[in-house]
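Those sequence lines, one after another, are chains A, B, C and D. Per the numbering used here, residue 1 is the first one in the first sequence, and the count goes up by one each step. Per the numbering used here, residue 1001 is the first one in the second sequence, and the count goes up by one each step. Per the numbering used here, residue 2001 is the first one in the third sequence, and the count goes up by one each step. Per the numbering used here, residue 3001 is the first one in the fourth sequence, and the count goes up by one each step.
In case anyone wonders, no lab produced these hints; they're calculated from the structure. No experiment lies behind these values; they were computed from the predicted model shown. Honestly, I wouldn't trust all of these hints.
With the C-beta cut set under 10 Å, the calculated list includes, among others, these residues of chain C facing chain B [as the list claims (entries may be wrong)]:
1. M2031
2. V2032
3. W2033
4. G2055
5. A2062
6. N2066
7. S2067
8. Y2131
Note that CB positions come from ideal geometry on N, CA and C, so glycine has one too.
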Amino acid sequence: MIARVYVGLKPGVLDPQGRTIANSLNDLGFNEVVDAKQGKVIELRFAESDAGRDAVEARVKEMCEKLLANTVIESYRIELDEE
Amino acid sequence: MIARVYVGLKPGVLDPQGRTIANSLNDLGFNEVVDAKQGKVIELRFAESDAGRDAVEARVKEMCEKLLANTVIESYRIELDEE
Amino acid sequence: MQTAVIVFPASNCDRDAATALEKLTGKAPRMVWHNDPIIPDDVRFVVVPGGFSYGDYLRSGAIAANSPVIQDLKRKAEAGLPVLGICNGFQILTEARMLPGALMRNTNQKFVCRISRLRLANAKTRFTKRYDAKNEIDIPVAHHDGNFFADDDTLRRIEGNGQVVFRYVDNPNGSRNDIAGIVNEAGNVLGMMPHPERAVDKLHGGTDGIPLFKSILESL
Amino acid sequence: MAPTKPADGITPEIVAEHGLSESEYKIILDRVGREPNLTELGIFSVMWSEHCSYKSSRRHLGKFLTKSDRVIQGPGENAGVIDIDDGDAIIFKMESHNHPSYIEPYQGAATGVGGIMRDVFTMGARPIALLNALRFGAPDHPKTKSLVAGVVAGIGGYGNCVGVPTVGGETNFHEGYNGNILVNAMCVGLARTDNVFYSAAKGVGNPIFYVGSKTGRDGIHGATMASAEFDDDSDEKRPTVQVGDPFTEKLLIEACLELMATDAIIAIQDMGAAGLTSSSIEMADKGGVGIKLNLDKVPQREEGMTPYEMMLSESQERMLMVIQPGKEKLAFDVFEKWGLDVAKIGVTTDTGHLVLTHGRKTVCDIPISPLADDAPNYDRPHVPTEPRDVLEPHQVPEPTDFNDALLRVMTDPDMASKRWVWEQYDRHVMADTVDSSQSGGDAAIIRIHGTNKAIAITTDCTPRYCYADPVEGGKQVVAETWRNLTAVGADPIAITDCLNFGNPERPEIMGQFVGCIEGMNEACRAFDYPVVSGNVSLYNETNGVAIPPTPAVGGVGLISDLGYFKTLKGMKEGETLILLGETKGWLGSSIYLRALHNREDGAPPSVDLAAEKRTGDYVRKLIRNRRVSAVHDLSDGGLAAAASDMAFATGVGVALTNPSDLPGHAWYFGEDQARYLISTDANSINPILATAEGLGVKAQIVGKIGGDRIKATDAFDVSLVGMRDRWANWMPDLMSGATETV
Ligand SMILES: Nc1ncnc2c1ncn2[C@@H]1O[C@H](COP(=O)(O)OP(=O)(O)O)[C@@H](O)[C@H]1O
Ligand SMILES: [Mg+2]
Chain A
1 MIARVYVGLK
11 PGVLDPQGRT
21 IANSLNDLGF
31 NEVVDAKQGK
41 VIELRFAESD
51 AGRDAVEARV
61 KEMCEKLLAN
71 TVIESYRIEL
81 DEE
Chain B
1001 MIARVYVGLK
1011 PGVLDPQGRT
1021 IANSLNDLGF
1031 NEVVDAKQGK
1041 VIELRFAESD
1051 AGRDAVEARV
1061 KEMCEKLLAN
1071 TVIESYRIEL
1081 DEE
Chain C
2001 MQTAVIVFPA
2011 SNCDRDAATA
2021 LEKLTGKAPR
2031 MVWHNDPIIP
2041 DDVRFVVVPG
2051 GFSYGDYLRS
2061 GAIAANSPVI
2071 QDLKRKAEAG
2081 LPVLGICNGF
2091 QILTEARMLP
2101 GALMRNTNQK
2111 FVCRISRLRL
2121 ANAKTRFTKR
2131 YDAKNEIDIP
2141 VAHHDGNFFA
2151 DDDTLRRIEG
2161 NGQVVFRYVD
2171 NPNGSRNDIA
2181 GIVNEAGNVL
2191 GMMPHPERAV
2201 DKLHGGTDGI
2211 PLFKSILESL
Chain D
3001 MAPTKPADGI
3011 TPEIVAEHGL
3021 SESEYKIILD
3031 RVGREPNLTE
3041 LGIFSVMWSE
3051 HCSYKSSRRH
3061 LGKFLTKSDR
3071 VIQGPGENAG
3081 VIDIDDGDAI
3091 IFKMESHNHP
3101 SYIEPYQGAA
3111 TGVGGIMRDV
3121 FTMGARPIAL
3131 LNALRFGAPD
3141 HPKTKSLVAG
3151 VVAGIGGYGN
3161 CVGVPTVGGE
3171 TNFHEGYNGN
3181 ILVNAMCVGL
3191 ARTDNVFYSA
3201 AKGVGNPIFY
3211 VGSKTGRDGI
3221 HGATMASAEF
3231 DDDSDEKRPT
3241 VQVGDPFTEK
3251 LLIEACLELM
3261 ATDAIIAIQD
3271 MGAAGLTSSS
3281 IEMADKGGVG
3291 IKLNLDKVPQ
3301 REEGMTPYEM
3311 MLSESQERML
3321 MVIQPGKEKL
3331 AFDVFEKWGL
3341 DVAKIGVTTD
3351 TGHLVLTHGR
3361 KTVCDIPISP
3371 LADDAPNYDR
3381 PHVPTEPRDV
3391 LEPHQVPEPT
3401 DFNDALLRVM
3411 TDPDMASKRW
3421 VWEQYDRHVM
3431 ADTVDSSQSG
3441 GDAAIIRIHG
3451 TNKAIAITTD
3461 CTPRYCYADP
3471 VEGGKQVVAE
3481 TWRNLTAVGA
3491 DPIAITDCLN
3501 FGNPERPEIM
3511 GQFVGCIEGM
3521 NEACRAFDYP
3531 VVSGNVSLYN
3541 ETNGVAIPPT
3551 PAVGGVGLIS
3561 DLGYFKTLKG
3571 MKEGETLILL
3581 GETKGWLGSS
3591 IYLRALHNRE
3601 DGAPPSVDLA
3611 AEKRTGDYVR
3621 KLIRNRRVSA
3631 VHDLSDGGLA
3641 AAASDMAFAT
3651 GVGVALTNPS
3661 DLPGHAWYFG
3671 EDQARYLIST
3681 DANSINPILA
3691 TAEGLGVKAQ
3701 IVGKIGGDRI
3711 KATDAFDVSL
3721 VGMRDRWANW
3731 MPDLMSGATE
3741 TV
């Protein structure tokens, strides 16, 4: 099983990285881009186990709360993939 | 239209971030995690236009090659979303 | 007076902090390793130093905030132990929720190292009393992620409580309200991006950091 | 790229792909006594590459002065070691990472910093300072900005994270580097003289330890790449570049220094270019022993790696060491505490052979001595550079507008402030930076922790002089570092160098190389200022066009008492400026000529080494006697530029005069060597002038300090703040809108 965790800034949090990307794209002549946001994807690979989907998801959620996302500024979304 | 660009290290390229994240998850007791990789998602919002999907995709590809990905060490994947 | 500096893998201002503490207390601080479950009981003041704990991978300070020693630091800070988090230390304290807000990438995306002028926003804290009538000081900054963010409610609250201690005169990183350093509500935990420990020596960064250390050490 | 599967036969194509000539291959056949297998061939090819064997340069490097009373270790080890009294030793070296930085600027520059730091802490030193000498293409070349952005971010990203201050350097722009930028990094470390570590393996049956990151397929053939020219396809080839991991480097430093405090280490060597191959062979060769490695034990990042790949990998942050038998557990414990990969991968033997096993099979068994001793050593043909005519002042047009002339000189790409660069470097970490790029000063000053003494460090090179006249240019490079150290009051001790040139197989390039070395060496001898370490980077060419010859030099000096140092900052209102040294108004190959007339012709200033010595020794004496409040040497841009630098740094104006018969442009912008500007109070003027006369040092009053303008009789008159803004904004303006990969 593989889990993909998408972490992005919460709405309302200024995203300077996104801003810079959009500006740079405009400078390069990609004027159709009006806005850009940058986030992270963390892909986790697990050891073989018989834990069910829900159990895995619950664990990944815990990882996010504890470490992978800073919920003061970020929100996250989990995707599981059986491979 | 929205484009999502996923950028990750090419296979075989050292990923110190991913390794450190995996180690840290293990330290926190998430022993089921054997490996972690960290990548980026860049979400681009476009101005209204009648450009077709293929045309947009071609442009985003150009953005990736020029700016969004460092193709010496990173590979990318584009996803388009009509909203 | 016994002080301590916490050392994480790739902390790198631990020596700077230790040098400053030794100079001002006459006694070498205890260097407490991140894996130690307990900060020794004789320690009266703790510095969480700057640097790049765990390479700043994932997010600055995130991994360090989960280390065993920080769990003990949290307990002891709640019981009143004074703590100073400098730069990466500030990032760690916010990640550990010992201080509100978060430190994001500098708006211009670049690491910035310069002497920065700070305005004392609250000169009455345990950390700033000794600045006397001075209201501007020069302290070096050196960071990539020093852009302080808190949502509107939090910002209003900390401003209202007088928790904002230092503001940049010339904001180098995009911090909201030019915030350079804040204390917790109880006033015993200070986090700041500028490096006061690099300003305790005429030959190196000036001496405007000395009153900060004196304030807190004398309050003990 | 070479095939990585074991081949049955070595074809001429495979030999050529490995950058080996037919005659070199014949020697291999002879020394091994049979046809080598692919792994063995790969090992020979990297060991005999230009990068590892110095085959074009070795015989010339041998001419350098390498000894003095203070030299503990000269060239030949990972870095040079000098004695700075009280049991303290300074260990330093400079190295290039040019090719990788052109291909992937961030990682190329970052791993360059990582590599040079490993060279220094391998020898038992804690790194205490980093410098960087950078050359980029023309500012308006389409690649320049992103290369600048990436290289600077990479240097900062690595050094800042490891926590070693980056305290100085230089940044030039010239179209000659359009296709080949230069990224030279220097590291200085501090050790105890009785605890310096060397790379010679000793004894038989001693365990060999591998420590640090796992081995991956990074940068295979990096060493041969560094020895090849670029062509138009290079952008596309994109060989696997290495990614740096400063976090692991920091752990490696702490762990190695911790183990070095015990007696567990017999020998230690970092894995730099050509990784496991060159590190194991150098250790064995220096110690006169054999080595047997079990490649199955090498920590690996990827599956299915072949012996060939493991031996040639350039994965970063790895070290090899020979451990004292019985101390294995101690070593394991230290490295595990720091969370590093550690494995015992082999032993020293008495066979004189490098023997590798993999999957229980012997995959390599070759004698070690020919790898080192029989490495090619070429006497490449060289022709000297044609001397140029000397340009007399009247042959160079005077400016119609001196204010504009000063502006053009101060905003020339090489002259403008590099704050944009050094603000991205942590210059203060470690609590001992007394002066750094911050003041724009001549040399950085780093205190020896816990003492009242310091070292001064600088890097310099003036490629346009070296191009015009390699011998004079070579002298000038060494003299300028010596002058910069002198200007802060330090006793210059020794240098390291990074010799960046084009294709040595072309006689005119080889002539530049030989000429620069000759000039450098002459200066080293005149100053008793030896070369203790260095690096050569050749084949810096694109499509047959070579870079300007660029022998970058890093100089180190000692300030034995911090009560007596000076910088270019600190002059006071009302003081007098005195110029020491002779001015003939040398405008050939000057910044003035380039900035105003877009010309780079004319012979470069000649360097009178005796005058340099006389004048420099006097300057140091003045600083020690507290006779001066600020000192700056004169170099690019001459008197006008030096005075402006001092005014910018201090925030006080200057008013210059021209007591000579020379026309204004020659007096104010001439680049005669062996000169310094000093600022002093009224009481000291006469004693200074009198003593100078006695010493045979020319001394003239050339200006006054005060006000808020930079002005000169019969020449310019501009506002200090206005000029400083233009000087300061050149680089931010250039870089605004720079697009770096995100
Ligand atoms: N790449 C760089 N990194 C750090 N400092 C730099 C860099 N480039 C220039 N500087 C700093 O800018 C100042 C001026 O540089 P330079 O003109 O080369 O000085 P000088 O001519 O005295 O050797 C010096 O203090 C130098 O250390
Ligand atoms: Mg100089």
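Now the hints, each set against the structure:
About 21 Å separates the beta-carbon of C/M2031 from the nearest beta-carbon of chain B, more than 10 Å, and the hint is not met. A cut of 10 Å between beta carbons decides the hint on C/V2032: the least distance to chain B is about 17 Å, and the hint is violated. Violation of the interface hint for C/W2033 is found here, the shortest Cβ-Cβ separation to chain B being roughly 14 Å, above the 10 Å cut-off. Interface restraint check for C/G2055: the shortest CB-CB distance to chain B comes to about 6 Å, inside 10 Å, so the restraint holds.
The criterion of a C-beta within 10 Å of any C-beta in chain B is met by C/A2062, whose closest approach is roughly 8 Å, and the hint holds. Using the Cβ-Cβ criterion of 10 Å, the hint placing C/N2066 at the interface with chain B is satisfied: the shortest such distance is roughly 6 Å. Taken as an interface hint, C/S2067 checks out: its beta carbon lies about 8 Å from the nearest beta carbon of chain B, inside 10 Å. Contact between C/Y2131 and chain B, as hinted, is not supported at the beta carbon level, the nearest pair being about 39 Å apart and thus beyond 10 Å.
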